[in-house]
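Q: Now for the letters of each chain:
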Amino acid sequence: MNESDSAQSPKETEKDKNSRRAFLQKIGVGSVLLGAGATGFQSVRALIPDILYEASERFKIGHPAQISEGVTFIEDRRLYVFKEGKTFYAISGACTHLGCTVKYTKLNQPKDIEVDGLKKKINFEFHCPCHGSKFYADGTNFAGPAPRPLRWYKLEQSPDDGQLIVDLGEEVEQNFRLTV
Amino acid sequence: MQFAEQAKKIYNKLVWTWNPGSEKESGDAIVKNILLHWFPNKISKGSLSWNYSFYLGTVSFVLFSILTVTGMILMFLYVPSVERAYSSVKDIEFVVAFGWLLRSVHRISAHLMVAVVFLHMVRVFLTGAYKNGTSVGSNRPVNWIVGIVLLLSTLLLSFTGYLLPWDQLAYWAITVGTNIASSAPVVGEKIRFFLLGGNTINQNALIRFYVLHVFFLPVLVLFLFLYHMWRIRKDGGLAIADHESLNQKPEKALPVKSKTYSLLGITNGTSVHVQTTMVNEEENTVSSVPHLIRRLWLVTLATTAATILLAILFTAPLEEAANPSVTPNPAKAPWYFLWLQEIVTDTTLKLGFITINGAFIGGIVLPTLLIALAVWWPYRDPSGTGSAGVWFSSERKKQNYAFIGICVVIIIFTVIGTFLRGPYWNFYWPWESWPTMPVKF
Amino acid sequence: MNHKNMKQKLEFVIKDKTIVSIVSIIFFIVTGYIVFNYMTPEWKMYQNEFQSVVEEKLGVDRAATVRGGLQQVYVKDLGVTDRCITCHMGMEWKGMENTENPYRSHPKEILVKHPISKFGCTPCHGGQGYATEMQSAHGFAPFWEEPLLGKELAEFYVVSNKKAMMQMNCNTCHRYQKETNGMDVINNAKQIINNKGCRACHIVNGRGGTVGPDLTYEGEKSAEQFNYERIKGFASMFTWHVTHFKNPKELVPETVMPSFGFSSSDAQSLALLVMSWKKAKLPIEYIPGNNFRDIPSSEESEKEERMKNGPGAFFVQRRCFVCHSVSSLGVEAAAQIGPDLALAVEDVQSRFGRTLDDFLMKPTGTMDVVLSTMIPLTKEERLEAIGKLRQAYELKKKERQSVVKNK
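Note that the protein sequences, when read in sequence, are chains Y, V and S.
Going by this note's numbering, the first sequence opens with residue 16, and the numbers climb by one from there.
Going by this note's numbering, the second sequence opens with residue 62, and the numbers climb by one from there.
Going by this note's numbering, the third sequence opens with residue 2, and the numbers climb by one from there.
In case anyone wonders, no lab produced these hints; they're calculated from the structure.
All of these numbers come straight from a predicted model, not from anything done at the bench.
C-beta: ideal position from N, C-alpha, C; glycine also.
Wrong hints could be hidden among the right ones.
If you anchor each label on the Cβ, the simulated ranges turn out as follows [said to hold, decoys possible]:
1) S:Met135 x Y:Asp91: 31 to 39 angstroms
2) S:Arg319 x Y:Asn190: 23 to 31 angstroms
3) S:Ser351 x Y:Lys134: 34 to 42 angstroms
4) V:Lys501 x S:Arg319: 54 to 62 angstroms
5) S:Ser53 x Y:Pro125: 52 to 60 angstroms
6) Y:Val195 x S:Gln350: 37 to 45 angstroms
7) S:Thr217 x V:Ile268: 30 to 38 angstroms
8) V:Ile268 x Y:Asp91: 26 to 34 angstroms
9) S:Gly80 x V:Phe277: 30 to 38 angstroms
Please construct the entire structure, taking both the sequences and the accompanying hints into account.
A: As structure tokens, then:
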């Protein structure tokens, strides 16, 4: 037993050595690939920001009593806020086609329209300057390339100070009204 | 199954040049792959050895590549404006994922590159590798001069990058550094004005340094590097190859079977027997692919790993935002200029009523002299061809000692200036603590 | 020979490959360490703990609304970028008042006038808003000059009022107020400045003598401007000021400034006051005491009051008064476009040939537009309007009769 062992051992060590080397090399190749992958990931990840200097999606627009009757355009947020007595709603001014700011356009004469079987009378529309998309007063698209109606955003009243809060992160249906 | 085979075929087609199966393929690889094209087919073992070149040139290039990659990402994150520069660097440090790493790697590579390029020059001098050897058409002195320009460009690259974080360290290092330029007679002030785009370091200076740092100097270095590499081939490879061929015994080249095209057709025969000195290929050379390539990858990998490791151990500092009304104590130029600052501290000369500013001697006279000497030296060097490509050739003893002397002085003064000078430029041993600088609270 | 050569080659190749493997493993470990660090930042631990605290206190539903990841308050007007809320997550939450920091909510009263979205954190509290690790965020880090003005600092300087330090920053905006609620330490210092007649020698807030240095922007000076040779203990600007206030001659032997024998706490509050005198770039709406509104004269406000609460209040509230006066009820039109409504009863009859009741229920012309868009009135409101208008008409008639009688 001992004899055979000692006889075989040099051969085996050579073999061992080789297999150890092969193993080490495999680990080496594996680590270099993983390491390079990690380095690449780090480089690309650095370009995905974790912190933004953009304005918050939720913001206050003032006390209900301070908002004028009819339409108010909040320019820096491109938002049309409507006040009809005690009810409020907000329509986005960003065209749903390619994001240009649509213009509030007063009609010379009230117009009768029908949206989803509902008859309405409107006296203004939204017109997009970029590619001629047109929207009814409720935001429904009726002309041009715009694929969908203008977005409506949720309005709420702050429980702290009674100011109206717009949440650009939350879209609502066209029948949304906030009554104060 | 078939798909796997196909994939393997395509894979082999793509990588065979990197992993040739035979000597013939190895030769073909050099010709067929644009990236390998500028390497010789066969390379002498001496050129390949670690302890001749220490691969310092390769390391410099790897560092340059690391700097390019990290620099390009940092360009997306950094804003070169006086108002935003500091806060964008703060953002890189704190809220950009891995931003601190990119910045730290970029900084450490820049410092390393200055050091490695310098060491590369030392190696070339001590091995006499700027000397022409045996090969025809070689003009190594030109490549030496290109190398000096590359060293200076590296210093400038590092120096221009120094200002960008717009902290106290940056602001005052550049103030001190650029005031050296203004000590040159007659044109000094104008040069500084042009360099900074004004009398003080402000938005103009920042954008100038930025554009130099991210565009002009890197492009300059890239082109000079390409020329530097091309010249190595033109000059017959590393100087050690010349040395090797000199030391070969002339032997008869074996007759080679040849074909001669004549009007009468092809004549078969053997070539003329020539008595020639040639590197014994069998004995002394190996194929560039894969042996040289493997070494280059190894150096690349090791340099990258070492850089990242050092970047973790020595993270990049960011001091208070630049404040032109408060000079930190001490205010130091970047470390690679500190040997000059150290030498010039006591060299403001007074000859009668003429005072020569120390900055003029240390910042203009001394470096100009050194550069001129370096440029001139290859043409002046009296030693023979045999001393090219050998470490510490006995024929070049004296000049090597002189060169080492200069380098040691530079290194010692750099170390003193960097580590042993404290507030008011007073001398402090490493075990002595500096007086604490006052704070608000 | 050939064989030997081959073997030689093989040997250095094997050696190279071994080195490659070892370097690769080092490379992998280093990058792995970096990625691990990235996955486990300090703030993540605080956020996880905050979530469990909320879960415990306010239930699972509220805990689900906790937003993770780096958070920041960015106040463009002040140039403030504060990431404090990454760990101090409960600042504006209700029900977190009695928890431990960093989760405790901010005292509510002060936030009413100083909302976080408009002020950030560091303008009041100090510290390093950029930072996302506690040590450097609290400003106790090299190369950051504004430490957190909190308990630690007060304890370090043995200030008995633990909230004293922060008042220095309050005074950046409240500088020109004689007295400000909640700023007792600074108020005390301001009083001392007046009582001791500092202005005899120094210019303070742009007024005073020139015997001593102008102190208007004393807080703007850098720490390097002072001489600390005679200071025992920690060399800081604050220590300098405190020592100097206690006994000026101790630091500047040749000074003519008398020693006022201030107590420690008085000297500390004076030091905080002078250090607060910085050149702050403040948007105008941040300066307190200035109401950027028209202030009505007493006559105007009396008239406004009379109209709002007088007998014609209905017409003021419904904004009829924009166009119409109702003279007999004391309502005066802003822009006298429409006719006086005191005479509406007969006026409507003569203009439209209809009764007032009929007209208000079914208006025509301008009034139709106004009442359908700008001033929508319910049926009840219209009836009320009719009632009030009749009342006004009766009063007007009486007025006329008395005028006639008097003649």
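Q: Take the hints in turn and mark each one as holding or not.
A: Evaluation of the provided hints:
The hint said 31 to 39 angstroms for the Cβ distance between Met135 of chain S and Asp91 of chain Y, and at roughly 36 angstroms that hint holds. The hinted window of 23 to 31 angstroms between Arg319 of chain S and Asn190 of chain Y holds, with their beta carbons roughly 28 angstroms apart. Between Ser351 of chain S and Lys134 of chain Y the beta carbon distance is about 39 angstroms. The supplied range of 34 to 42 angstroms therefore holds. About 60 angstroms separates the C-beta atoms of Lys501 of chain V and Arg319 of chain S, a value consistent with the hinted range of 54 to 62 angstroms.
A hinted range of 52 to 60 angstroms for the beta carbons of Ser53 of chain S and Pro125 of chain Y is consistent with their spacing of about 59 angstroms. Here the CB-CB span from Val195 of chain Y to Gln350 of chain S is close to 38 angstroms, well matched to the stated 37 to 45 angstroms. For the pair Thr217 of chain S and Ile268 of chain V, the supplied restraint of 30 to 38 angstroms holds, since their beta-carbon distance comes to about 35 angstroms. The beta-carbon spacing between Ile268 of chain V and Asp91 of chain Y, approximately 29 angstroms, falls within the hinted interval of 26 to 34 angstroms.
Here the CB-CB span from Gly80 of chain S to Phe277 of chain V is close to 32 angstroms, well matched to the stated 30 to 38 angstroms.
Going through the hint list in order, the structure satisfies each hint without exception.
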